[in-house]
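Using the hints, build the complex out of the two chains.
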Amino acid sequence: MNAVGIIFSNIYDSALSELTRERTVASLPFAARYRQIDFLLSNMSNSGISQIGIITKYNYRSLMDHLGSCAEWDLNLKNNGLVILAPYATSHSGIYRGKLEALYNSLDFLENVDEDYVILSDSVAICAMDFRKILQEHIDSGCDVTAVVTPYKSNLEKTFPIAVELDGKGNVRDMGVEVGLRDDLGGMGIYIMKREELIKAVKKCSIRGRYHLERDYLLRDFNEGDITIHAHVFRGTALFNFTTMDYYRNSMALLDPDVYHGIFNQRGLTIYTKVRDEVPSYFGENARVDDCIIADGCRLLGTVENSILFRGVKIAESAHVKDCVIMQGCEIAEGAVLEGLILDKDVTVRPYTVLKGTREHPMIIEKGANV
Amino acid sequence: MKFQKKRCVAMLLAGGQGSRLLCLTQNTAKPAVPFGGKYRIIDFPLSNCVNSGIDTVGILTQYQPLELNEYVGNGAPWGLNRNHGGVQILPPYQGFKGSQWYKGTANAIYQNIEFIDRYDPDDVLVLSGDHIYKMDYAAMMAAHKERGADVTIAVRTVPLEEASRFGIMNTKEDGSIYEFEEKPKQPKSTNASMGIYIFRWEVLRRHLIADEENPNSDNDFGKNVIPAMLNEGLKLYAYSFNDYWKDVGTIKSLWEANMDLLGLNPEFDLGGKDRIYARNPALPGARISSIAKTTNSMIAEGCEIDGIVKNSIVSYGCVVAAGAEVENSVLMPEVVIEAGAVVKNAIIGEGTVIGKGAQVGAAQVLKDEADRKITVVGKDHVIEAGKLLQPGEVI
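Going down the list, the protein sequences come from chains F and S. Just so it is clear: in the first sequence, position 17 is 17 by my numbering, and no numbers are missing. Just so it is clear: in the second sequence, position 147 is 147 by my numbering, and no numbers are missing.
In isolation and in its complexed conformation, chain S is listed as follows (with noise of 0.2 Å):
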């Protein structure tokens, strides 16, 4: 069947355990985890490329997969159920030669060669499913075509002391990136590549082949194909951007990153034109009581307050009991507080109940913003009445 040409085709990596979230990633893929009170991660990438123009998407999937395809559905909450292009949900498949996962960030994209094909598309663009931002890939198109770069890598300024931890892109005045290091223990510049790539499909498939074919490679975009791509001399160039980003791979940067949407001008503002969109839950109106307090905090649909609410986010469909406190906190969805219980300094998974009275992360004394320990209560979990979670506990 020949299919109308699209001029981008967006790869959406999707398919990382994300370990490092613990067991909020027990049971769900990381770009499926709530954020930012009715949002979950994926909403952020895949809404910037409703938002910049492109309206083809491929997610691929591996680790966990059922709640992700669930909640993207056929794509309808970004308008992304299209006749021509929309979103794809793409896991490893059984093929004539047998069947294999995806072994690394460019062998997913190589084993959907067929499917980024069949649009025929001019670039494509590959990004990651856990950051959180808002970004106009359109923008970073302009100047890729205008450079007529055949890589464009998307770079932020990150602080020299942490710029080993990233991958850094050494670039010239006219952000030609004539080097590449991941994670360099002395790094010569503080461009940090934020996994967001835009390659010239004819150049990055032919370079996805040859990463196939070579047995010593982890199929990866970082450590072989970019490297791969500059010994070639090929046009890469960095692309810089330097609004709110955050990568929410760790527990301690996903409360960050939540916090980060609290106060009369926060640090990302997740209203303004271009919206976020998500999956919404038909919900009404959230319900404050006359004894609750709730102060500088998002407070979404169908909550029902009577406790304290204090510096949190509480998403959608949660309960805060008579007496209970939340301070400093994320509950994710449908997280039922009960009548006198403390939860602070703590991100509660969906659904989870805080018995009567139990106290979760509620012993710590901050002194300094470091010694801040976040307690986690993973997904459906029941903390009996009375309980005490000492700060950084994790179940």
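So here's chain F without its partners, still in its complex pose (with noise of 0.2 Å):
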């Protein structure tokens, strides 16, 4: 595929920062066995793009740990791949503020790559993908940019990080920068346009200070009339974890089994993640599991509803979990009754611990924390 992606991988970390202080929304582990960038990394991958920059900043080493030798995504490649774009200081540019500073301290990548068109995309969008047809009408629509939208979901508690409103060709007519406009459409942080505009957009707005992608260069070009906007709609199933609630919600979200289809079971469109080669779930004799998603490794004996199991949850007899989303390796004794939570990664709950959050505010268990 003629374009090279670039992923940003900080985006959101601060309304998402219980679950992102020791890494970045990239990492974020989300349904079950996968972290965040999986979904954008298979995207690209089952597109057929064979070269991606991650844009770092900081918290990255659970990124880098998860992404290995990208072996599980195909980007294992002789010539091209993957690569990991992290800051580069000198001693006129701090730590960047945005994806634009971002962008132009990652212009070599940019100037080095044949390819003509970049898709650009933050990592919070979780769905499956086609982006050769985005592509293709990109370059149909005569754009410079093309931006992929969605329908609006009502209960997000963020906006999107730009509104739009289409004329008749698709071409956006009017934009705002994390605002709710008139129409219902807000953009999933993707953009599409020629490399070379794009290494123009960033040098222009750097030598004038402007480091803010959507505000500072889209809106801004967009309204001064040098650049046009088309608008890729997207109507397949698209979650967006902006916030901590929204991503309390989306995990329960994918418990719809419309929801779990629309995202895994696309043709093609298979999302990969990393192996660990754990042992198939074990559901003891007594265990009572209603309204699941369980990965493997989990040795389930009690009571479990309504939740989320990462890989390797031990849940014990005569425990009883609810509404919950128990990441990696947690481990729930006998008696402990656990009701609207987000367990991090190896949170270890004691013998008849009761801890309860409501499905409106979950409660929010640290890494590793024995409670």
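Any given hint might turn out to be false.
What the hints assert, rightly or not - Calculated cross-link-like contacts (lysine-lysine; reagent style DSS-like; alpha-carbon spacing at most 30 Å):
#, chain 1, residue 1, chain 2, residue 2
1, S, 273, F, 314
2, S, 293, F, 356
3, S, 293, F, 314
4, F, 274, S, 145
5, S, 6, F, 78
6, S, 172, S, 145
7, F, 78, S, 273
8, F, 322, S, 293
9, S, 310, F, 322
10, S, 293, F, 345
11, S, 5, F, 314
12, F, 314, S, 310
13, F, 367, S, 273
None of these hints come from the bench; they were simulated from the model. These figures come from a predicted structure and were not determined experimentally.
Printed below as a string of structure tokens:
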């Protein structure tokens, strides 16, 4: 495919602060066995993109550990493959404030690839997407930029990075940044444009001290009449984890078979992730498991309802878990009662502990805690 | 080209047809038969090699190797994608003197003498691809070295009444073997060979060549090579191993080995320190719905369960629809059990669909474990809605 991918791994970190203290949004575990970046990386790999740069800012050790050689995404290539674009601070550049500055730091990557187009993406969109169709649509539209947009979901706390209103040809007639527009289409943080044009824009904005991609480039240049923007309307299933509350609600949304199939059963768009060689999960003689997503390596002896269990979670006999997201390696001892929680990785819950959040206000237990 | 020396090269015999597995090996080699929800039989010896620090493995294939070759690939799932060593598939090939199939276990190794010679190993570990077990070959190797043995053969204690089904090693007190009897009518001991051998390469090489020159030989390790080595007065030792080990050469034993994974303290624990590696499919977590009932079962990723699953192994990507019932059964990967179907005491092959309301082995009333008849449906079959399969039927 005639496009390189650029993934921003740290956007929205602050809105998910409890879950991103020691990791990037991109490496946030989601959907029982994935990390958020898996969706985007798989989409790019499935679309035939073979050159991908991941822009990181801080906390990226977990991300690098997850990506490894990228063999799982078939990105361990002789030529091309995946490059981590770590912050590259010089005497006149600090840690970047926005995506444009980050791109300025990665200009050498952008200048040294051969592909004519660039796909820029945040790592919050959870969906199965074919970029080949979108690139073709972009080329056919004749516009300078294509933004991928989707109909709003009403339950999100934070607005989309951009909101747009379209004309009859599917091009953007009006747009706003981080506000709800009259129309109901929100940007998914995914943009396609010519590589040369992006390089020019990044240089131009840098000189003028502008760093915010949506506000300082897309909106500004659009309003000035310097660029035209096409919108690709994505009508498949998509989830957005902008905030911790979104994260919890979206986790629960996966229990709906339509959402689960909408993301995981799309032909030719398999979602890949790092392999951990876990044993299939064991469901005990007296286990009761209702409405759950269960990854491999779990040992379920108690009762689990309406929950998402990552790999290697152990739930002892007579423990009762309800409305929880339980990350990899947590152990719940006998008699514990958990409701409305997000347990980060490797939490140990002692016998007969009772912890209750609610579906509206889930309680978050930190990574490695012993409660 | 000069290769760096390897202390030990493993040769995995994976060419057998496994005809006693009936329809399950109709289009695939026995080592590629799925096991335990996400594994294939070959994962066990391969993972044992890796966990024992052996990084050079030749896999001898012959019967229906397509699936096995594809499965093993470059060996990356086992960490055997190495520049030097790693895993190599070794099919029979055409040579200067013509081509021939592997005539027997010993002949298969004989035809690959050059492969082994390239690594100039001290010892060669010969394994078979049809056993389910976890074993530290390094411990066996240490015993082999310590005794200065020419050959070390892994044995396990079997009940005396079953001993006549095995190759029996009669040993002295120090573990040295003085006699080998293949399936003896009147067994003198209960040390059954597990088909796991460590040979000093120099000794094995010489015997393989001699065996090949003998026109009356069946070119089989048990029948020919081991007796010839005993006759020569070489130092053969038994290495006893009594942890879990199961030959899954028959439908019943394959079913039993799968069932051995279930329970709070299973007969065979797949977890623990020494992992069994496998080529992992990319599938989401299993979806267990609110109307599903799942007890004493193993359910792998990518499954969608709306029905009842009891005492069963459900491999990755299976669907058990609402009102369907699966009991005491093994579902191989990507099996679909449609609404209202009942599957009991069965092994269902990969990709098979059991139609709505079909009854597979459901009519069986068990008084005694020995009466249990396993119903088997092969790979990629479609059992029509409402169809009745009798207990023990094989399709």
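Taking the earlier hints as the rules, which of them does this structure contradict? Violated: hints 4, 7, 11.
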